[in-house]
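Asks: Residues per chain, in single letters:
Protein chains: 4
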Amino acid sequence: MKKKTDAFTPRPEHHFTFGLWTVGNRGGDPFGEPVRPPLPPVRIVHKLAELGAYGVNLHDNDLVPSAASAKERDRIVREFKAALKDTGMRVPMATTNLFSDPVFRDGAFTSHDARVRSYALQKTMAAIDLGVELGASTYVFWGGREGLETNAGKDPRAALGWFRDALNFLCEYVRAHQYDLRFALEAKPNEPRGDIFLPTTGHMLAFIYTLDHPEMVGLNPEVAHEQMAGLDFSHAVAQALEAGKLFHIDLNGQQPGRFDQDLRFGSDNPKAAFFLVKLLEDARWPGMRHFDSHPYRTEDEDGVWDFARGSMRTYLVLKDKAERFDRDPDIQGILGELRARGAGGERAVYSAERAAALKAERFDLAALRAQGCAYEKLDQLTMELLLGVR
Amino acid sequence: MKKKTDAFTPRPEHHFTFGLWTVGNRGGDPFGEPVRPPLPPVRIVHKLAELGAYGVNLHDNDLVPSAASAKERDRIVREFKAALKDTGMRVPMATTNLFSDPVFRDGAFTSHDARVRSYALQKTMAAIDLGVELGASTYVFWGGREGLETNAGKDPRAALGWFRDALNFLCEYVRAHQYDLRFALEAKPNEPRGDIFLPTTGHMLAFIYTLDHPEMVGLNPEVAHEQMAGLDFSHAVAQALEAGKLFHIDLNGQQPGRFDQDLRFGSDNPKAAFFLVKLLEDARWPGMRHFDSHPYRTEDEDGVWDFARGSMRTYLVLKDKAERFDRDPDIQGILGELRARGAGGERAVYSAERAAALKAERFDLAALRAQGCAYEKLDQLTMELLLGVR
Amino acid sequence: MKKKTDAFTPRPEHHFTFGLWTVGNRGGDPFGEPVRPPLPPVRIVHKLAELGAYGVNLHDNDLVPSAASAKERDRIVREFKAALKDTGMRVPMATTNLFSDPVFRDGAFTSHDARVRSYALQKTMAAIDLGVELGASTYVFWGGREGLETNAGKDPRAALGWFRDALNFLCEYVRAHQYDLRFALEAKPNEPRGDIFLPTTGHMLAFIYTLDHPEMVGLNPEVAHEQMAGLDFSHAVAQALEAGKLFHIDLNGQQPGRFDQDLRFGSDNPKAAFFLVKLLEDARWPGMRHFDSHPYRTEDEDGVWDFARGSMRTYLVLKDKAERFDRDPDIQGILGELRARGAGGERAVYSAERAAALKAERFDLAALRAQGCAYEKLDQLTMELLLGVR
Amino acid sequence: MKKKTDAFTPRPEHHFTFGLWTVGNRGGDPFGEPVRPPLPPVRIVHKLAELGAYGVNLHDNDLVPSAASAKERDRIVREFKAALKDTGMRVPMATTNLFSDPVFRDGAFTSHDARVRSYALQKTMAAIDLGVELGASTYVFWGGREGLETNAGKDPRAALGWFRDALNFLCEYVRAHQYDLRFALEAKPNEPRGDIFLPTTGHMLAFIYTLDHPEMVGLNPEVAHEQMAGLDFSHAVAQALEAGKLFHIDLNGQQPGRFDQDLRFGSDNPKAAFFLVKLLEDARWPGMRHFDSHPYRTEDEDGVWDFARGSMRTYLVLKDKAERFDRDPDIQGILGELRARGAGGERAVYSAERAAALKAERFDLAALRAQGCAYEKLDQLTMELLLGVR
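Note that the protein sequences, when read in sequence, are chains E, Y, D and F. For what it's worth, the working numbering labels the leading residue of the first sequence as 1028, then goes sequentially. For what it's worth, the working numbering labels the leading residue of the second sequence as 1028, then goes sequentially. For what it's worth, the working numbering labels the leading residue of the third sequence as 1028, then goes sequentially. For what it's worth, the working numbering labels the leading residue of the fourth sequence as 1028, then goes sequentially.
Errors might be hidden in some of the hints.
No distinction is drawn between identical chains; accordingly, a pair holds when it is met within one copy or between any pair of copies.
EDC-like mimics (lysine to aspartate or glutamate), calculated; alpha carbons at most 20 Å apart, straight line [said to hold, decoys possible]:
| # | residue 1 | residue 2 |
| --- | --- | --- |
| 1 | K1031 | D1357 |
| 2 | K1346 | D1056 |
| 3 | K1031 | D1355 |
| 4 | K1346 | E1411 |
| 5 | K1074 | E1350 |
| 6 | K1074 | E1308 |
| 7 | K1346 | D1327 |
| 8 | K1098 | D1329 |
| 9 | K1386 | E1199 |
| 10 | K1112 | D1182 |
| 11 | K1098 | D1156 |
| 12 | K1108 | E1077 |
Hints were generated in silico from the structure; no laboratory data involved. Remember, predicted model here, so these are calculated numbers, not experimental data.
All chains, full assembly: derive it from the sequences and hints.
Replies: This is the structure in structure tokens:
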């Protein structure tokens, strides 16, 4: 937490990004008023640059208030771009706010009202233009209002159809403009709606395969959103990686089975965070490490920057531990023994001969049944590595 | 619950099925011994036929104990087929037990040990043969042990690769034998493993698109498994239906955020059950209504059959209510008004002209923002219909 | 939902109350702006009276804005009292807002800062005076900010000590003023804090026994707060009733394991709501049936009143079903048989002779082990009664 | 994990205990057969002694099978006592198995059947005698079957009454025999029953105050049971400590919102485990550190002992970190500043003068509202301490 640098001091090449809405969060919640004054976007850019971040991301209305005139809009964007230029900061990702305005109370792309669906498209096209103008190459969709409180209200199949139409439309819009932009879809199970459609990274990934241009569309998994449902986040990210669909990621923290906490990355459960970092680093995933979280409501502005610093430091600490894990002889010894079992590795590829041979094979089931996995030892070694005592 | 028939008396044309393992469940649990004596499969067939079921489903070892000789196996199968013939009962679905035997302690298709993976294939081929012999047209895969307690143990990407290899192999096996058989994959988030790979219907559906023969493979969503993670089950089923991938369904009940309860269908939350039945019936889905649940451990054999009767009756009661919902003038009036908003229904299809027009459109946002949805009224009407007071 | 009255039309003698903050909720949430204009308290009083409610409850700042001058305060209170008089409506319960103001960001009675703790006492004394002036006989404490995001911040034992000091102080305040007022404590596991101290009705009840005047202090259990943690609400209420500590109740709805939804009573799970109503009615509990919930954010003002109407109607529908349950011969037949088992009813009271006799007794364990409970049948009968088909 | 000793090597003075049923767990679960052969109790005693444990705890039937004759019982107990003597191991806690036998299918002390309730008393008296014979000073009650699947089955108030009668009876039994034995009650929200009465440490503590001899009865909180409901375990333990009711503790690990996992202590979330250890050590709590957990089902016997070793090591690692936390100048600096706010520490004690002064006090609310808590910094320092990088 000191000014002095150490092995865990973030630098731009680590590709850490924050949303304007994250460090800019003012601490309002369903039971309380904001506690912090607004932070101007230009100030955020300068401060994050100073702390070692690579870039900053935004919703359209984080930067340009919805009531702004065209002239104000241009001034705001101009000043923001100047700050980016001064600091070398980038805007790798942009997105649309389709959830705050009462007009979206029953959904944006999935509203019953065709005018609302049209307005959501209009707003998104403008926001895409803004994102591209700022240099974004990833465009995120989080459909915070695309859901229901009562299933009496809407057939979910109709909603999926409307949502697909919107994404197909916007893919064509990007193609028509030859924008160098990919879409990343973000799932969430609930809050603010009772239930949100396509509630997990899995449901969202499945949906992508039904689009007209699936190659343009990938995922933006968020730690908190998968952990709210009690699911292992690293498994979802592994599936996205394996499918070539990890386009962006939202790092934060969350206790299972409660409201959306958006805690500082790694502060909820360092073990889960460790396996996520290990997966991303083992895969040499080239994307942005984006923090979509916010400081506790107890904090003043100093706390905001402590929060930002801590998010990046913890990632780097865990990255270092992932490297240690990969070269720890006791850990790798156990893993090597497991991988070698049964001669290991041969893939099951069908042929009539192989099937016939398999059917006839006699397995030494008694021996296989008695064989332990040494996972208690392996996990204990991992915990001791994580706790810094080996 | 009486012998006399009424509008909710099940008949074979309702396509209700039970697993041998469901009514045959003996009431053992992690903290207690079995409380009921074994029910012979032949007796189950006769009793379920008497109650109005259409068929019975099974794991290989529900019918044929793993230690049975070939001769015993043939006798058991012969007697079972005779019972089917006597009663007219069918076996529409079969599956493999890849979770009870200690050999599968670290997974079947995703075990580190290549011999275990091979043995799982061998066991499944034999079980597919048995299923086809009994007339099954759907083959379910629930990978109860395909998971982990510690992420130190296995790279989830490797596990997904092994699982894919197994399914591709088995698809080819079915094709080679020209079996008229489709695969239905069943997801579960956890239990008995700490975390199970592909934990929801969504993750599983996404995975199917990566197989060699996705057209042969669909889903077997289970109420309890999606509700364990606090997700809306009817939304997952809607996504499966919309994707043409609802091949089978497991009906039961479950409170969110706890152990796998496998409660009698509709007994946990009749509102959620109602919207599921409404979805299946509105879609005129032709599949089996399979109950994958078991009687409370408090019950003796009478309780087992009360449980079976109640499962089917509740489905029929909710089906009747779904029909009432569709013709209730107050309910349909509200829905009609909602669907008509903004001229309704027109799909968003991209063209340069349409995009330009949309960008230029001026929306009466003040009016749209003030517009309520009457969902409280709609939901209250639905509740009163459900409670039988309208 | 019609103007015409029926058996489920609420009347004042049903003792239904609403908070000003419930029907007055404007629909803001962590991701969205308010959608409804403010409803003046006087209008709420008139409208709720028209709908058949008995009274209205309030936080100090629901009625008197924190910035109001003494003169404004008096005018507001005068007009409010006039509305009460005009309509015959009562204010049976009042409470303090100790959670919205940034001053309470780290707790009110449990803040590290002694000045904040003092200010919370000052604010509460003033609010108690206001409540008593309006006729309240129950005073609720919900400590929305009495918690933590990180356990590094505070020793929970210190927090419990501060909270106890505050309640002891305020009990003395009430006694010194000879107010006819009882305290009712309300627990919640989390939100808006990461974890809130004394998170369930059970923890809160235990705490009461450690106060200086436990006889003055009871509970205000809330459906949503217990169900957020996946606990059976009716069991908690039963414990409170059995201990003589059910002083007030907050009726609403909630899905387990998610953000605080405050749904319309009975709309989340009618079975759970039914057993709650049955418990309250069987116990002839004389307290207020207070609805602490709010309309969906999708609603306009019409939806607000539909929500209020529906809350009361559903309670009355379930009350009617509880009476049917108590006189249903099949249901009561099963229960009677269960209660008669083993000669039933005799209480276990220690004496040396009884202990010796018990030690020597030979039980027919085989028979007891074989005995089923008919709970599947009993539950199915209950479900059919609930669904209105028996 | 090596033979060589280090700062984290357990010794008897650390007061670590295990249940016979924990290391003796054979790996059976609802979906799978046991994977490990039985471990004889005498062998467990010797092996745990070798690993540095202080003692071993048991249910009656862990040691003496329910079918054992009096003679067999005596032989088993004699050999077990010899092993204790040889090793110096103690049996500080004993308990009754009131959940495995089908006779308890609907509860033991809360069964409808008076004979079952009597048999549960008989079994418990015998098990208390055995526990005292083995030297136990704490007797645990976990009522695994004291609950319901359907609330139609039983009035929870009747169940609480029966449970109270049983505890009062058994307290008198202990007093009559002048046993030096205290009772410790253990709560659990669900599993194996749908809902268990008195589901959390809080509900159980409240219940104790209603007993005839509350001074004899305290709590045995279990990490997993409180975390299943998503509650902060250390807060519950703090409440028990503050009330003088922490008589015993069950250490293990659990992810929220799922089946009872009984993971190795500290392996689920080291941060939560850290704050628990810190609380126990800061309080200088003198009780046993009992591990109520079991090895993964993937393990053979080697894994069992790795599990036991790891449980104790992790506790000692976290104890060391708790000591570091208490002397870390940056951490203590922040805490000191927080505690000093508002002159700190003065308790709120009522007097008419104090109340009058408080009412008149003018607070500098603007300053108090602006004040941050530095909790982000404090938590980040804690995480870095926990991860071993400061």
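Asks: The structure should be examined with respect to each hint, and the outcome stated for every one.
Replies: Going down the list of hints, with the structure as the test:
1. K1031 x D1357: between (34 Å within a copy, 15 Å between copies)
2. K1346 x D1056: Cα proximity of K1346 and D1056: none, with 33 Å in one copy and 36 Å across.
3. K1031 x D1355: between (29 Å within a copy, 19 Å between copies)
4. K1346 x E1411: both (16 Å within a copy, 14 Å between copies)
5. K1074 x E1350: neither (30 Å within a copy, 35 Å between copies)
6. K1074 x E1308: neither (27 Å within a copy, 41 Å between copies)
7. K1346 x D1327: Neither. Shortest intra-copy (29 Å) and inter-copy (32 Å) distances fail the 20 Å Cα cut-off.
8. K1098 x D1329: neither (34 Å within a copy, 40 Å between copies)
9. K1386 x E1199: between (51 Å within a copy, 15 Å between copies)
10. K1112 x D1182: neither (48 Å within a copy, 41 Å between copies)
11. K1098 x D1156: The answer is within: 16 Å in one copy meets 20 Å, while 53 Å across copies does not.
12. K1108 x E1077: within (17 Å within a copy, 58 Å between copies)
Checked against the numbered hints listed earlier, the structure breaks hints 2, 5, 6, 7, 8 and 10; every other hint is satisfied.
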